[in-house]
Amino acid sequence: MRSKLSTLFDALLPVIATLAALAVGTVMLLLLKVNPIEAYAALWDGAFGSANSFAETLVKATPLLLVALGICISFRGDVINIGGEGQMIVGAVLATWVGLTFTEAPGWLIIALALVAGFVGGGIWGGIPGVLKAYFNVNEILSTVMMNAIAVQLMNFLLRGPMIDPAQAELASKIPQTARLIDEFHLARLAPTRLHAGALIAVVLAVVVYILLWRTIWGYRIRAVGQNPHASRYAGIKVSRYMVLALLLSGAFAGLAGAVQVYGVNYRMITDGSASGFTGSAGFNGIVAALFGQLHPLWSIPASILFGALLVGANKMQRVVQVPSALITVLNGLVVVFVVSSEIWRHRRQRRRLAAAGEEEAQPKPDQPQVQKEAGQ
Amino acid sequence: GGSTAAPEEAAAMEPFRVAVVMPSAINDLAFSQSMYDALLLIQEEMGGPEMFEIVYSENMFVVDDAAAAIRDYASQGYDLVIGHGSQYGSSLQEIAPDFPETSFAWGTTSETFGQPNIFAYSASSQQGGYVNGVLAATLSQSATIGVVGPIEVGDAKLYVDGFKAGVAATNPAVTVNVNYIGSFSDVALASEAATTHISAGADVLTGTAQMVVGAIGKAEEANALWFGTQSNQTSLAPSIVVANQVYHWEVALREMISMIQAGELGGKAFDATLANGGEVMEFNPDYALSDDAKALADSTIQGIIDGSITITLP
Amino acid sequence: MITELFSTTVLIGILASGIRLATPYLYAAIGETFSQKSGVLNLGVEGQMLLGCFAAFYVTFTTGSLWLGLLAAIAVGALMGLAMAFVTVNLRAQQGISGIGFYLFGLGMSDLLFQRLMGTVETVQGFPKIYIPGLSEIPGIGEIFFNQNILVYGAYLLVPLAWFVLNKTTLGLKIRAVGENPDAADSLGVNVARVRYFTIILGGILSGVAGASLSIALLNVFQQNMTSGLGFIAVALVYFGAWHPVGVLGGALLFSMVNSLQLWVQVLGIPIPSDIAVMMPYVLTILVLVATVSRVRAPSALTKPFERDE
Amino acid sequence: MTESNLLPSGQKRIDSLEMRGITKRFPGVLASDHVNFDVKSGEVHALLGENGAGKSTLMKILYGLYHPDEGTVLLNGEPVTISSPTDSINLGIGMIHQHFMLVPTLTVAENVALGLPSSRGALTDLDKVSNRILELAKIYGLKIDPDAYVWQLSVGQQQRVEIIKALYRGAALLILDEPTAVLTPQEVDELFVIMRQMVRDGHALIFISHKLHEVVEICNRVTVLRNGRTIGTRPTAETTKQALANWMVGREVGFAPDRGETKLGEVRLSLDNVQCGSDRGTPGLRGVSFDVCSGEILGFAGVSGNGQRELAESITGLRKVTSGKVYLEGQDITNMSPGDIMERMLSYIPEERMRDGMIKDFTVAENMILREHQKQPYSKNGFLNLRGIASHADELIQKFRVKTPSRETMAKNLSGGNIQKIVLAREISRNPRAILAAQPTRGLDIGATEYVREQLIEQRNKGAAVMLISEDLDEILALSDRIAVIYEGQIMDIITRENATPEKLGLLMAGVRSEDATPVVK
Ligand SMILES: Nc1ncnc2c1ncn2[C@@H]1O[C@H](COP(=O)(O)OP(=O)(O)OP(=O)(O)O)[C@@H](O)[C@H]1O
Ligand SMILES: Nc1ncnc2c1ncn2[C@@H]1O[C@H](COP(=O)(O)OP(=O)(O)OP(=O)(O)O)[C@@H](O)[C@H]1O
Ligand SMILES: [Mg+2]
Ligand SMILES: [Mg+2]
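Protein chains in written order, with this note's numbering: chain A, 1 to 377; chain B, 1001 to 1314; chain C, 2001 to 2310; chain D, 3001 to 3522.
Simulated from the structure, these hints should not be mistaken for lab results. For glycine and all other residues, C-beta sits at the position ideal for the given N, C-alpha and C. Don't take each hint at face value.
Using 30 Å as the maximum straight-line C-alpha spacing, the simulated DSS-like pairs for lysine-lysine come out as follows [as the list claims (entries may be wrong)]:
hint, chain 1, residue 1, chain 2, residue 2
1, D, K3325, C, K2304
2, D, K3128, C, K2168
3, D, K3128, A, K238
4, D, K3375, D, K3412
5, D, K3375, A, K238
6, D, K3399, D, K3211
7, D, K3380, A, K238
8, D, K3325, A, K238
So these bits of chain C aren't anywhere near chain B, every CB distance computed over 10 Å [what the hints assert, rightly or not]:
hint, residue
9, V2010
10, I2012
11, G2013
12, R2020
13, T2062
14, G2119
15, S2136
16, E2137
17, F2146
18, G2154
19, T2169
20, F2198
21, G2247
22, A2291
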């Protein structure tokens, strides 16, 4: 019973931390002369208030989860992938190209191909820093940050040049966007909301990643290399190869997230010159979600939903009480800081539980009989 | 007391409600601010917040978030929902049919998707660009002019192309160097781009989008002239700003609002031009522009308005 | 056109621009070098810079004193560093992620304060250029190296200073030990937490100064998110420089100069799409690292919270 | 306060130190259970116990690294609180840790200077530190280069740095947690000289070792711990090696394992003039040739740092062989990948097991399959077979008597000796064609040592070719069929068991070639 309560507490810890952060946010709201109750009611309403808003939350959570899954893989392999933004973009570009090029093919085929293309595109964009790290000792934080910038410019170039919407090419405005995907290529919607099949795909993949990490040789090796490259090398594991694999897979999931955004939400790519204009910073926030989820693919599901809810709800809050968007960013930051900081209580409780269990185990086992047993051998 | 009044009276009493979704901050001294200022102006004209309610979502650079905001505003019964950014077009196209009672507007574009409840608005920013270009070519002693832009698309590209056309028409010998820095926010790089232009001999500069505030400072340091666009940037460097092309979206907005009040919810595209007052050239009173130059500027504006000057874009 | 790239104007332009642009990178990256050397990855640099940027600008704008402005940036950076230190050292939070949290906080807070306190973009008179007599008259390079404002000089002085502190002082020894093997340092009575507090706060201060160098020395304006990813590049430059101040300097100069080069490529009308030109500094930075095979590894304890595992 | 209260270094003496009723719980383990222990100035007090008995834990509590759940520490009769190493250092307590507490990227001098005030205030005074190190090294006969980086040093050399560190700080009470585990007999003798000197000067020493003869030789009193409890304390003068062993383990322990007779088979592993570099960029091996046959144990004697690590790594593919050939069962395996080599059933027990042999944050079970995870029954078609892994782990835990709360415990939470056992169990249990064992019993208690030696002999008897790299001459002499002596990257000589004497080996290890030996270096 006690342990069940503890588990519940652990599971709720991020939520409690989020509430604490929002409590701090109250001060700021008051300073801005905004009624905090009204503000947070709006936040809740925006995230969970109706079937539609919950659907929006899930829509927001989907790319976060997909990126987070990749992050679970790479961080477990001790490679810090900050390149989610760029990987999403490249995945989306490749996926969009598929949908715009093969317009005659059946929808299911194109969707499948596009998702694969997204996976591959992101994989390439993640694999490059992987190879650079494993074979040229180029630190992945550096290369992924740089690759993000490169991907943005690549997107800008493609969307205003080779891939521009033919209609826009005619117009003076020249909006940097691709043509819209035909309706047959859209990911199926679940319920009459914007919730799309991508969410389901992400959840299924969470299970797949769980299996990959803890039930397969690949996962075992990625984790081994991540924890101790020396010992892994001594054990005959090809360290370089699994470093590349970890980053490649990580990028691939981000690329898939990009593809899913195009086929499930936007139906085209459009740029405002920055990465976040397309990704909504999911490539970044996915890292946060993964770490909220303890780098565990299954825990990443609720973590992504929590974070998605926060983002969606905060936007609603901005609309309802008309706070500057900057405040929303501040709140996001506070939530992230509070949630990671709260982890220490989980660890402490875990240790205390284990210690208590250990005592129970150790106490009734006096050493005398054991020695006699040994002596009698 | 509206509940007891007669329905017609109530309708007259009810405020006109506008929601606007913007890609950057309302005080960016550029694209978003130009719209926000226009809305505030109309609010004042119509009798304050009781009569004209404005709500906004700023920094909605994530298209997907903007779409959610637009849908939300529409479902709350706003009379007019504005997506102030060409990137919001596809979202509007999708949302508008679900809210036939609501009027939507988006810009800058001329595309209404044939929807009866979508207005489009755009600015012929090439026009002000052309005027700026003509003046710039006249004032440049070194025959070199520098342009700082964000990415090579949309409003920015239109303005820059117009500017180049104006320069070319005035003095083909003048070189226009263009730098697109790949970002709307990198103030440092924009300022470095300005410095580069100055090193390359430019004594007149212009630029578009919100990051140019960095460039204006560099122009001032080097005592090079500056031409602004989107908003009036004179306050940033009163000694060197010559003229600004300023958008007055209220011109289009007024018309939209009266159409909406008359029951017509969309289907029309507005273009802000020098002719219709949607664009205005605002000169810096503190800059001593020679009479000849001022006359040239005025005649150029007049020429564009009456159609005697046509601007050819690449 | 291509040959014009090699004219003296362009070369001097690139050099000068590189020197200037490198300034904020240097402050931020040297600060980050200190914290990483002690085993703490601070991804919040960008947020600290933005707050420093705003604080310096606002205080200068209201008081008219540049030095008070600089002090404000230092104070704000120190406060951010203190918070970061508490979270990562005492609460042992994941460093990368709490850094992202602090980044978001700084990004939002600087903007919020800007909107509430200033409302619109304004300018200030920044730190004046200091001509170093004699040296600044050397043709060509005199103008580049010896005609800059005090924060630019400060950034370059910081490089040997940082090297000296890290390699020649007992504090530096502690910092390096704590970043490699905190258990060993701890077992010798080195206060791991205190060392990390020091480096993180120092990192915050230098990030704040990096921000100030933009808002009251180089650009003399403030605008929301005006650092635009600069802080993240600064973190990357620490890796480029392999945790060595001189390496960081090299990276900052390389990156800035290539950035300047791409501006010149566009100005000279060399027919490359602008987006592709903008990519150049990023691509080149990576290529240089590929070409110069380095075997230096990150400090072993980097990102690992220290805890006596009882 | 009288003169006699001070040590020659000027440090205040610790007349007595007492630990009373110390209790310490870890998740799943009661590591110290109301332990009583005391040590006096001028004595060496041995702490004895099997792997995992709680020796290191008790000492870490004394040094302020762990905080006891219960119990008090009395210093000169006064209760003291030691909440961090700073406290203990200030009280005059020093500790040489079982797992080195060194910063590999710093030089020896820097490691020594770390945490100490400098004569130049904020600036380091490394030149002075270096000089003092050289002085100390001379006094105590330790060979050490203050400017070398620690990562360049062999384990034995690193141990010397640890000793220097403690000597440098002039601790009044010095804890030595298994300091001799990695030392050669000569080095142990040197250490004992130092220790005796310290005792005469009035230091108090706590000495942990699994080598009973050392305990008998150097210690005044001995306290035995078993499962976290104090079993008792006795003056060593009243006991013998055998009595201590029995007391400690609670059963008879045999010291010389039964070797059976030698049945030499075909040549299994063969090196032909192998050369390679070292981490320091100097030559590591300078042309090494030898054969090992099925059914024999070839011992490698030598002072650490003479190419043992390079030898092991060139055979296993971990280090690039620059010239020469390595053959396993007649096939050329020179510079093949480590995975491919070990796939041919070469087992390797690396010297630095904590770093190279296991993954601290993996569970015991996961560590047990580090080498063979890609094989059945641990996995199939790329998927792990959890049941196979679990039963394998349980079997090895039982067979090798690994003391762990469960197979799911993180390896890092085991005691030093038990961590070793994971690696040994894993490598030996695959029934390899050849085994390369570097210091396989280092840090193991006598029971475990006995077991491992038996296992190595059993493997030999089953026909494996065993290479045993060890600095423990007794071990080499007890197990080897032939003994190669390695010195400065070369094989000085290979002599048969019958011809080997400690004296002869000692000379060879020092680089002196005896006339009557047959030279094998080509
Ligand atoms: N001990 C180590 N610590 C950290 N990184 C390591 C270590 N060993 C190897 N690496 C990383 O792996 C890279 C190459 O290692 P190695 O050559 O051992 O791989 P490999 O097993 O031979 O794989 P492949 O055959 O695919 O090249 C190194 O450049 C380094 O980045
Ligand atoms: N940090 C820790 N966390 C959890 N358990 C631990 C920790 N340190 C030690 N233990 C457990 O406490 C017990 C005693 O360990 P300790 O290291 O004191 O043994 P030891 O007597 O020094 O053994 P050895 O001779 O192998 O070094 C062991 O069962 C070990 O698993
Ligand atoms: Mg121990
Ligand atoms: Mg290899």
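Now the hints, each set against the structure:
1. D:K3325 with C:K2304: violated, 42 Å
2. D:K3128 with C:K2168: Between K3128 (chain D) and K2168 (chain C) the Cα gap is close to 14 Å, so the pair holds against 30 Å.
3. D:K3128 with A:K238: Roughly 45 Å between the alpha carbons, so the hint for K3128 (chain D) and K238 (chain A) is violated.
4. D:K3375 with D:K3412: Given pair K3375 (chain D), K3412 (chain D) holds - Cα atoms ~25 Å apart, limit 30 Å.
5. D:K3375 with A:K238: Answer holds: K3375 (chain D) to K238 (chain A) is near 16 Å, not above 30 Å.
6. D:K3399 with D:K3211: holds, 23 Å
7. D:K3380 with A:K238: holds, 19 Å
8. D:K3325 with A:K238: The hint holds at about 22 Å.
9. V2010: The claim breaks: V2010 (chain C) does not keep its Cβ more than 10 Å from every Cβ of chain B (closest is about 8 Å).
10. I2012: Check fails; 8 Å does not lie beyond 10 Å.
11. G2013: violated, 4 Å
12. R2020: violated, 7 Å
13. T2062: holds, 17 Å
14. G2119: Its Cβ does come within 10 Å of chain B, the nearest being 6 Å, so this is violated.
15. S2136: Per Cβ check, S2136 (chain C) is outside 10 Å of chain B; nearest 17 Å; holds.
16. E2137: holds, 19 Å
17. F2146: Given that every Cβ of chain B is farther than 10 Å from that of F2146 (chain C), nearest at about 18 Å, it holds.
18. G2154: holds, 17 Å
19. T2169: holds, 33 Å
20. F2198: holds, 29 Å
21. G2247: holds, 22 Å
22. A2291: Given a closest Cβ separation of 25 Å, the condition holds.
Hint compliance for this structure: hints 1, 3, 9, 10, 11, 12, 14 are not met, and every other hint is.
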